[in-house]
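For reference, the chains in residue letters:
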Amino acid sequence: MRENMVEAEGLTKRFGTVQALAGLDLAAPAGSILGVLGPNGAGKTTALRILTTLALPDSGRAQVAGYDVVRDPAAVRRNIGVTAQNATLDELLTGRQNLLMVGELSQMRRADARVRSEELLRTFELTDAAGRLLKGYSGGMRRRLDLAASMMTRPPVLFLDEPTTGLDPTSRYRVWSVIRGLVDEGVTVLLTTQYLDEADQLADRIAVVDHGRVIAGGTPAELKRLTGGARLEATLSVADQAALEALRPLVEGPFQISEDGRHLRAPVRSTAGLVTRVVRVLDAAGVDLEDVAVHQPSLDDVFMRLTGAIPESSVWPPDGQAAMKPELQEVIR
Amino acid sequence: MIDAVPTVRAGGASLPVRVAGALRDVYIMTRRNLVHIAREPMQLGDVTIQPVLFTLLFVYVFGSGIPVPGGTYAAFALAGLLLLNLTTSSMGTAVGLTVDLNTGVIDRFRTLPMWPAAVMVGRSITDVLTATVCTLTIVVSGLVVGWRPETGAGQIAAGFGIALLFAYALSWLAGCVGLWAKGAETAQSFGFLVLFPVSFVSNALVPTRGMPDWLRLIVDWNPVSAVTAACRGLWGNPNPSAINSAWSMQHPIWTAIAWSIAIIAVCLPLASMLYRRRTTD
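For the record, the sequence lines run as chains H and E. Residues 15 to 347 in the numbering used here are what the first sequence spells out, letter by letter. Residues 43 to 323 in the numbering used here are what the second sequence spells out, letter by letter.
Keep in mind that a hint or two might mislead.
Claimed, not checked - Footprint (simulated), chain E over chain H, 3 or more residues, beta carbon under 8 Å: (1) 108 to 119; (2) 131 to 142.
What the hints assert, rightly or not - Quick list of simulated restraints, FRET-style, between CB atoms: (3) E/Ala64 with H/His309: 57 to 63 Å; (4) H/His309 with E/Arg319: 40 to 46 Å; (5) H/Ser152 with E/Met253: 25 to 31 Å; (6) E/Val175 with H/Arg85: 42 to 48 Å; (7) H/His309 with E/Arg73: 55 to 61 Å.
It should be emphasised that the hints constitute simulated quantities derived from the structure, not laboratory data. Note that this is a predicted model, so its numbers are computed, not measured. The beta-carbon is built from N, C-alpha and C at its ideal position, and this holds for glycine as well.
With the hints as extra help, turn the sequences into a complete structure.
In C-alpha cells form, the structure reads like this:
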C-alpha cells in the first residue's frame, strides 16, 4: 500500500448559504493520477483551493505530501505546483519572465530557473512567444504557460484545475502526454476536469463529486461497471415487431423503443460475434437494418447515471446524440 | 539536468536562510513592480507630470495672490508642494494593489513557498522609489521657479528624509485602503475624499494666520502640516507656522517623525491582517 500524497477527510466549506463542500473525502496514492469529476458547482474548485492552501475548510482535515494544509501551509507550498482555473500569471511580464519569477519565488537559483523555464517553454511549444508580454497571449497559450509555471520546481504533487479547458486537440494531447510523463517520474497529480474522456484517459482513479461530496469513486473500469454492461442499439428501415421477437433471445433486459418504432435499445452481455448474430437473426426474420452497434459503457453514462445530469429519455433516440453532446458539455461544465 | 524522482521537501531552514529568502522575495516583487512601471510609464504621471503642473499652478497662479511673511511664495510653497504630491500620489498604491488583488496573480503567489508579506513590502519599497522620483521632480521644478534651500547639506538631507519617511508611512496607509477596497474606483475615490482634504487642510500651500481658531487647531495637528513645517525649518525656508503656539508647530520635526511611526505602527499590522483576510476564503 503506497502512502497517500493527497488525503482529505470530511472537508466541509460553506459560503453564505451555499454548502460548497459537505464532507468530502479524497485520496491520491503517490505516483498516481486522481481525477475529480463533477458538474458545475459540485465543489471541485473549492476542494482544490483548500488542498492548495488558498482556502480554509470549515471542518475536516487534509494532508498534502504528509503536511496538514491548515497547520503547515508553508510546507505544503514547497511540495505543490498549482494550475488554477483562471490564469494566474502577470499580464505585464513576458512568458519567460513569468516562469523565471515563479521559479525564483520558489527559491530556485536563477541559473536553474533559467534552464528549467527554457525546457518548459519548449515542452509547451511557447519558445517563440516567450519574449512577448502575456497580455498578447491567446487563451490556450496562457493555459499552457500556467501549466508550465506549476511545473517549474518539479513539485512532487501537482494540482490541475481543468488543465485542458480551452486548449485545441493537439495541445490537449500534448498536455496529457506531459502529465503522463510526470507521473512516470513519480509525481502525484490531482486534476479536475469537465471532459469525461480526459478522466478516462489519464486518471488511475476517479472521484465523482456532486453537491460537495464524493458520490462514487474507483478506477474508470470500476465506474463503468456501475452502469451495467454494454447495450445494443439498432436502427431499422421501418418499424417491425418481428425484430423484437427475433432479438429477444440475444438481449439481457427490456427494450427501449423510440416513438417511431425504428430505434431499438437493450442491454446485452457483450460477447464476441454478437453483432454478427444480430444481423443474422434480423435477416432471417426479414427485417431491414440501417445501423447496428454494441456500445461499451462510457464515463458519460456513469456520470449521467450518478448525477442525474441528463434523464435517460432525452438521450434517446440516437438521432439525438449529436444534439446531446453540446448539452452534455454544458451540464458537466 | 537530471530528472530525479520527486520526494517530499522538508522545511525548517535556519533563520538566516529564511531571512535571506524573504529579502530575495521582496527584491523580486519590487523588481516586478518596476517592470510594470517600465511597461506602462503613464503610471508615473502622478510623480512626474502632476508635480510640475502643481508647482507652476500654485507658484504662478495662487502664489501671486498670497503674501508670505519673510520670503517669496515659491520659497514658502515648495515643501508644501512636495507634501501635496507625495500624499496624493500614494493613492496610486491603493489602486495598484486593488488591481493586483483582483487578478489571479495573487493566487499564484499564495501557492508558492515565498514570504507572503513580500507582496506588500515589495510594493511599499516601490512606493519609496516612486516617491523619490516625485521628490526629484519637485526639487528641479522648485529650483526653476526660484526656490533655494538656505541650509547645509545635512539639514537639507534630513528634510528629504523626513518627507520620504512620511511617504513610506502613507504607502502602508494606502496599502490598507487598497486591501480594503473592493475595486479600483473605491480606492480612487479614497484619494479624492480623504487625501485631497488632508493635504489641503494644512499649512502646505497657505499661511495659517488668517484661519479661524478651530480650523487652525486641526491644521496644526495635521501630519502634513508637521512634515511641511519640519522641511521648511530644515531648509531655512519661510515657515510662518513657527509662531503658532501648538506643540506640534513648535516641534515639527518630532511631530512629523512621531506621526510617521504611528501610522506605520497601526497600518503595517493592519495591512497584514487585511491581506490575510482578503486572500483567504
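Okay, the hints, checked on the actual structure:
1. 108 to 119: holds (count 5)
2. 131 to 142: Violated: only 1 residues of the region 131 to 142 of chain H have a Cβ under 8 Å from chain E.
3. E/Ala64 with H/His309: 57 to 63 Å: holds (59 Å)
4. H/His309 with E/Arg319: 40 to 46 Å: violated (52 Å)
5. H/Ser152 with E/Met253: 25 to 31 Å: violated (60 Å)
6. E/Val175 with H/Arg85: 42 to 48 Å: holds (44 Å)
7. H/His309 with E/Arg73: 55 to 61 Å: holds (57 Å)
Hint compliance for this structure: hints 2, 4 and 5 are broken, all remaining hints hold.
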